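Visitor: Sequence:
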Amino acid sequence: PPEASTNEASASRIRMVLCVFFFFFQIFRPLSLSFRCVCFRTSDNLMMLLLRVQVLSLTQLVVGELFAPDPRGTLLDDGTRWGAFFGGEVILDEVNAFASKEVEIVATGFRWTEGPLSTSEGLLFTDTIQDRIYRYKDGVVSVALENAGGGSDDTDFGPGANGLAAKGGKIVACQHGAQRVVALDATTFEVAEVLADKAPADGTPLNSPNDVAIVNGVAYFTDPIYGFLKKGKGNFPLGVEEDGVHEDQPYLDAAAIELGAGVKGVYGVDLKTGAVDTISTALDRPNGVAYFRDLLWVANSAVKNSSWYAFRGQTLVKKIHWSEVGRDLDLGPGLIDGFEFDESTGLLWSSAPGGVVVVDVDQEKVVAAAKFGTNIANLAFDRFGDNPADVFVTGLGHLWRLKRNLPVGGAKEHQEL
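Here the sequence shown is numbered in the numbering used here, starting from 712 and rising by one per residue.
Hints listed in this document are in silico derivations from the structure and should not be mistaken for laboratory results. Just so we're clear, the structure is a prediction, and the values are computed from it rather than from any experiment. The reader is advised that the hints may include incorrect statements.
Taking lysine to aspartate or glutamate and the EDC-like style, the derived pairs with C-alpha atoms no more than 20 Å apart in a straight line are [claimed, not checked]:
| # | residue 1 | residue 2 |
| --- | --- | --- |
| 1 | 1015 | 1097 |
| 2 | 1015 | 988 |
| 3 | 941 | 788 |
| 4 | 1076 | 1054 |
| 5 | 848 | 1054 |
| 6 | 941 | 1054 |
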């Protein structure tokens, strides 16, 4: 409608004025995040403070505008939109898992968000295409680290960091570009230690570590081949059409043989000794990973065999097929990927094709589901944040939030970084 065009034009003019003002402000006051107007009266050796004004950082204003929630999706350099979101809602809840039916967009301005990690210093998450680690805290998105994947060339589609975990004052990150798992300083985000960069069988480079979970001094991680994705037509990776439909790209398997480990693996690295052990090389597309009740759970994101696998040591003890538990759900496009377990209920919360599902792994049944209608990558409970009922969800173009019901007496946990 005409009034919508007028409002958008006005908003654009306001943004332009803010950016111009910010530009000159930075020239003359490069170190200032605020200014204070102070007037002193010094007669008779008396000093009187007349005014003290704190002004919100113009940097934050501009950043806030860049990542403001927008269902139209991320505005790309070529003027097109990426990741349009047409709304979502909880469509199934047999166990009272959700506290609200709403699917909320928290922030927009991304390509493919991943690796959400709740910390006492805010939510960290990655963008594998933009090659960044972001922080979301107090309603503001900021860039924590550029070139987060550790290295890439102009042909790489998703060279950034992916899964994150926290341990001992460090952030453990899976790096696509550098083909390794590293520990980052939680303050500076500089690489403090390389934890794994070679396959244990023959010392060949890893492929592109994807997700990581730490338990009992061992960092378990998956090593599929998505870091070998190359740029294709337009804004899409090679082998993926504009409608988002694709098969498992065979050139990725060839790249793993030529440039990586030659296999798709699940590994565990001992954080004290540095020894890397193989858990499995039997999955086509190992992806999300979590540890629960003495079992290591791994999502296999193969198009024709999306499943959750449970390992005890190196032994496969359980397998749940998406084609069976999700056959009656129509949530949208995508695959299963990252997930978490609710320790109080034993329920698995997972990304799924087009949404988020809650699975009773004992009954092998989806007991709750939220429809997004778009590709979803991962999720994380805000265990260490101010709102432990929040469930942050990552994927195509946005950061979303759901609300879960907490057990009686449930409260946030504490994690020092």
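Visitor: Output the indices of the hints that this structure fails to meet, ascending.
Guide: 1, 2, 5 and 6
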